[in-house]
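Chemist: Put the two chains together into one complex; each comes in its own frame, and the hints tell you how they fit.
Line by line, the protein sequences are chains A and B.
Mapping the first sequence onto my numbering, position 140 (from 1) lands on 140, and the numbers just tick up by one.
Mapping the second sequence onto my numbering, position 166 (from 1) lands on 166, and the numbers just tick up by one.
These stretches of chain A come out as covered by chain B in the derived footprint (C-beta under 8 Å, 3 or more residues):
1. 57-70
2. 129-142
3. 177-183
Source of the hints: derived by calculation from the structure; they are not laboratory data.
Positions of the beta carbon are idealized from the N, C-alpha and C atoms, including for glycine.
Listed below, chain by chain, are the residues.
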Amino acid sequence: MKASRVIIVRGRGVLSPRREVDQKKLLQMYERGFRALTGQPDLREGFRSFFHDRDRLGLKINTIAGRELTSVPDVTLGLAKLLAGKGSLKKNIIIWDRTNRELRASGYSLNLRQGIQVFGTDTEGVGYDPTLVSHLNIGSRLSSIQAQHITASISFAILKDHGLAGVTAGMKNYFGAIHNPNKYHDFNCNPFVAELFDTQPIKNKHKLSILDCMVVQYHRGPSFHSRWAEHYNALLFSFDPVAADVAGWQIIEKLRAKKGLPSLREEDREPEYLFTAAKMGLGTAEVREIQTIEEEV
Amino acid sequence: MNRRQFFKTTGGVTLLSCSGMTSMLMDLYAFGGKANLSQVEARYYKELPEREIECLLCPRFCKLGDKERGYCGVRENIGGKYYTLVYGKVCAINVDPIEKKPFFHFLPKTNALSIATAGCNVNCKFCQNWEISQVRPEQVEHRDFPPKMVVEYARRYTCPSIAYTYTEPAVFFEYMYDTSEEARKKQVRNTVVTGGHINPEPLRDLTEVVDAIKIDLKAFSEQFYADYVRGELQPVLEAIKIVAKSGIWLEIVYLVIPSLNDSVKEIRRTCRWLLEEIGPEVPVHFSRFHPMYLVKNLPPTPVSTLERAHRVALEEGLHYVYIGNVPGHKAESTFCPKCKRVVIKRVGYHIQNVELDGGKCRFCNHPIPGIWS
Numbered sequence: 001m002k003a004s005r006v007i008i009v010r011g012r013g014v015l016s017p018r019r020e021v022d023q024k025k026l027l028q029m030y031e032r033g034f035r036a037l038t039g040q041p042d043l044r045e046g047f048r049s050f051f052h053d054r055d056r057l058g059l060k061i062n063t064i065a066g067r068e069l070t071s072v073p074d075v076t077l078g079l080a081k082l083l084a085g086k087g088s089l090k091k092n093i094i095i096w097d098r099t100n101r102e103l104r105a106s107g108y109s110l111n112l113r114q115g116i117q118v119f120g121t122d123t124e125g126v127g128y129d130p131t132l133v134s135h136l137n138i139g140s141r142l143s144s145i146q147a148q149h150i151t152a153s154i155s156f157a158i159l160k161d162h163g164l165a166g167v168t169a170g171m172k173n174y175f176g177a178i179h180n181p182n183k184y185h186d187f188n189c190n191p192f193v194a195e196l197f198d199t200q201p202i203k204n205k206h207k208l209s210i211l212d213c214m215v216v217q218y219h220r221g222p223s224f225h226s227r228w229a230e231h232y233n234a235l236l237f238s239f240d241p242v243a244a245d246v247a248g249w250q251i252i253e254k255l256r257a258k259k260g261l262p263s264l265r266e267e268d269r270e271p272e273y274l275f276t277a278a279k280m281g282l283g284t285a286e287v288r289e290i291q292t293i294e295e296e297v
Numbered sequence: 001m002n003r004r005q006f007f008k009t010t011g012g013v014t015l016l017s018c019s020g021m022t023s024m025l026m027d028l029y030a031f032g033g034k035a036n037l038s039q040v041e042a043r044y045y046k047e048l049p050e051r052e053i054e055c056l057l058c059p060r061f062c063k064l065g066d067k068e069r070g071y072c073g074v075r076e077n078i079g080g081k082y083y084t085l086v087y088g089k090v091c092a093i094n095v096d097p098i099e100k101k102p103f104f105h106f107l108p109k110t111n112a113l114s115i116a117t118a119g120c121n122v123n124c125k126f127c128q129n130w131e132i133s134q135v136r137p138e139q140v141e142h143r144d145f146p147p148k149m150v151v152e153y154a155r156r157y158t159c160p161s162i163a164y165t166y167t168e169p170a171v172f173f174e175y176m177y178d179t180s181e182e183a184r185k186k187q188v189r190n191t192v193v194t195g196g197h198i199n200p201e202p203l204r205d206l207t208e209v210v211d212a213i214k215i216d217l218k219a220f221s222e223q224f225y226a227d228y229v230r231g232e233l234q235p236v237l238e239a240i241k242i243v244a245k246s247g248i249w250l251e252i253v254y255l256v257i258p259s260l261n262d263s264v265k266e267i268r269r270t271c272r273w274l275l276e277e278i279g280p281e282v283p284v285h286f287s288r289f290h291p292m293y294l295v296k297n298l299p300p301t302p303v304s305t306l307e308r309a310h311r312v313a314l315e316e317g318l319h320y321v322y323i324g325n326v327p328g329h330k331a332e333s334t335f336c337p338k339c340k341r342v343v344i345k346r347v348g349y350h351i352q353n354v355e356l357d358g359g360k361c362r363f364c365n366h367p368i369p370g371i372w373s
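Just chain B, with the same shape it has in the complex (with noise of 0.2 Å):
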């Protein structure tokens, strides 16, 4: 693989599209050689007899022989100890607008660095960056890039975030933390871009050293999740509510796919949940789908159905709801939920106004919720 194939396997992303970028990849790139797989013990797992062991970081709970991968394909038993293959093996790096994760209520205007490895936890039909998360790390090319490493960068760059994002973070759970626990010492901040397929444990742990989650909710059904995510809804449920409570800053995405998952009683029901139980103030996208991967029979969402899902989610209370992948449609900026103006008004991935004062909205004072600085 090049270096134009590289750069044309990070996930479809507009990399080059930020002005001036091109150099700084050219830098990226250039740190490190190819690299071998690792083999960094696992957390969150158990021995059982005969060399078998049960992962325990998601719900799929794979039980595994000796020389077996789990369903992620980037951790392995070898002689009845459980290891991660991609600790700082990232295949995919990136300097992207943090608008693009999506966060909008997160330093907004700032860039993050994101990386990701090989892998992902469940197989989602729609996946955009199947390229590299359907994949076992040695089917890529990945680069070494410790976490002392990307902190380093992520300052060199001038991205107050890290982004761990693109395939699943979940899989490469050791090298997010850890790479976290750096980046706070240089009082960088962290986010993820996830499923919610991870199980409670793993996941209050990571609470305490990132500092945004995004959680993509692709349908509020088990039916739909088992046939075209491959996992299930109810982890993903409760991984919502613990990054709620645990008081990091929390967003959902919800990809509407035509006739898929997107009726308005699935929406309304999706809506009622999340009010219900993690209340109207979590910024919630409801984005565009396009057709990709094994899902290539559906037309792109039309936008009157993002809008339909858009009107459903404030009839039920919900503050800020967004449309996605629509750029310079009015529902992609922020509007104050008490005098209905805009605060934030972006096109696309660019922002051209901020009306926030120390996060209240500068024509009536209210507080809009969010990390602002």
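Chain A extracted, bound-state conformation (with noise of 0.2 Å):
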């Protein structure tokens, strides 16, 4: 059954304390994490389990705490070259989060030409889509990536804790996504996060949530505290954005335990939109329900 399982691939060693990118063992990352995801010893085979050929893939990224808890742009060319070779997208993959800005200082090089593209909303003649899309309450405009120029789209997100939603993941990543992100944190990001990732420009593109956990922020997030930031070097790959964000915050409680931190629940600021998401259909929340597979390259 693919739409809970949860695949989780460690890679000692991946990515150096001074985030240099092991090339060869994260491609096999990748590797183990997609086949043991669709089932498929062929790549190309398993890739078109969720996008095709003709398909303008996104993967959309969250540079918004800068450098050190970005993911290192060689880890995102490594998943973008891989779907590339083996799912035949040369020209239409888009690397994208919000600004140019951002990206640039999280040290990724734009790219609006040719070959694997790289570029915010911001870029001059894309900028946020004008219908105003109006779902619950959901009142956005979307990024004219997200809206019009992709098919479809991996939500490659960063796993970290967050003051005011619990867990940030692969689902609230779409945050980076809307005009209006800012109006969406009260009552710890719940239902909001759920409701945005049900806005069909976001449900019916999304095809798989990877969460970088390279770097894991297990407490005083979203922004980057060394003091309280993990080197996990994994990755994790689920096609149920539920699943994915659930098994990203036990990685999150799991750390926080081993550190002697309270839970997110002794907290109170559980990702309660978790089971919201779940509740409305997008995916499983119930951790007695997810198969979660870990493995190690």
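Modeler: Quick look at the structure:
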């Protein structure tokens, strides 16, 4: 069963303390993850289970916290190159986030031309789609990248503790796809994270969550605090956006427990939006119903 | 965004309806160049451990980590200090009749240089200016318009007052405050059009430098504020009391939305509270709702509903009750509460006749409260 399976692949030493990437190990991690997720030994066949050659694929990353707590460009590009090579999407992958400033500050080189493109919503001529998406408690304009440019999306998110939401991961990553995320942080971001994900331009295009758990901010997030950031050296894959984030949440709880910190429930900031998402039929939030497979390369 | 779009995004205001205004606006538009965001340290916040801050400007008390913005979207924690990103960065400028704010008892028949930056600290589902209020500043075109220049332009265009309006002025507090101080030096008055979602300390400070405040009281229930405003009623009521007590001019607007806040019971409770807390002399405007932003499933407010609210307010003892957004309605005019005759005859934003003499009714000599000159 695909829906509630979560694959966690750990790669000891894949990211050095100086944030240098062991490319060979990284590739192994991706390959292992995708094979376990899709059940297909052949990667190309596996990719076809969630996107087509004609798709324009968006990798929505999260660069808001700056260089220390953003996917290392080599990690993101490693994924994009694998998808481009095995998935025949050479000209149709966009790595993107809100602003070019944040992308550059996180070490990304902008590329609007051929090959794998990298740019922010604030690029001239891109911007936010003029259509106001109104759905339940959501009233937002979506990035034109999400609304118009892409046909399929991978939420490639950083796993972080979040002072308000509890956890920020794959679903909340789409806050970076709208013009007014500041309006959705009341009530621990519940139900806003779930309801935003449930909008058509996001839900219909979302194919996969991948959580970058190379460095996990398990306390005092979403800003970077080295004292509470763990080099976890893992990637987490799931077709189920809720299960992916629940599994990420469990990682945060384990790290918190290991450091003697109270649980998120004890701090009254459990990510309730995940249960709301489950009730809305977006995925599975019950840990016992999620099949987690851990691998190591 | 080109010039035409820039004008269009200024909140749907009728800036071009004023004769001779087009050339002025072209001139206003021409100042400065495209601007970056500001980085001026905010007032009213406290630093917390681990580079976090707590904003003390409005009742949300946003607690923010490094690189995070408040609910308003225009104030950011940068390395443990809090900054306003919109100081002097206007996204809307117009010369409006003061009646449009609306202020009906404040320098009638004059224009106000009206300005706004992006941002708002609530999220009303019926917002008429959401394209500039519900966005972050980098998402709209804005121009550098420092305080001294605002005052200079007000004088150049014969505006005896500046109006901080369209979005929520509380979120550009520092800019509004400094501009008001500059304006006072040049005998230009300051008016504020606000939702009143601001903490007592900054509000009291503001009343020291401005001349009039109009507060939108959006309903008289916490539930409405939670569901449709994403804010709280109680701080707004506190704000109304603070402004009334300060001695500066105050007017209240109540946007009447069919089925949401238009019951006789709610209108009556509102009026009783106003009468008890701030007295009968504060003008109250019941304005007509038009479907907008996220509330498009309701019809415009029937005029009969507004007339009912108007009647209830008079029954409860309020003296100056108006109906707004219904051009030509007789309740746009000011009636002397003593002799019941029209002392200011209005049609839309146009004033046809003023029958006041030294702030008193010309027919019976009854004093009409307001700032008339």
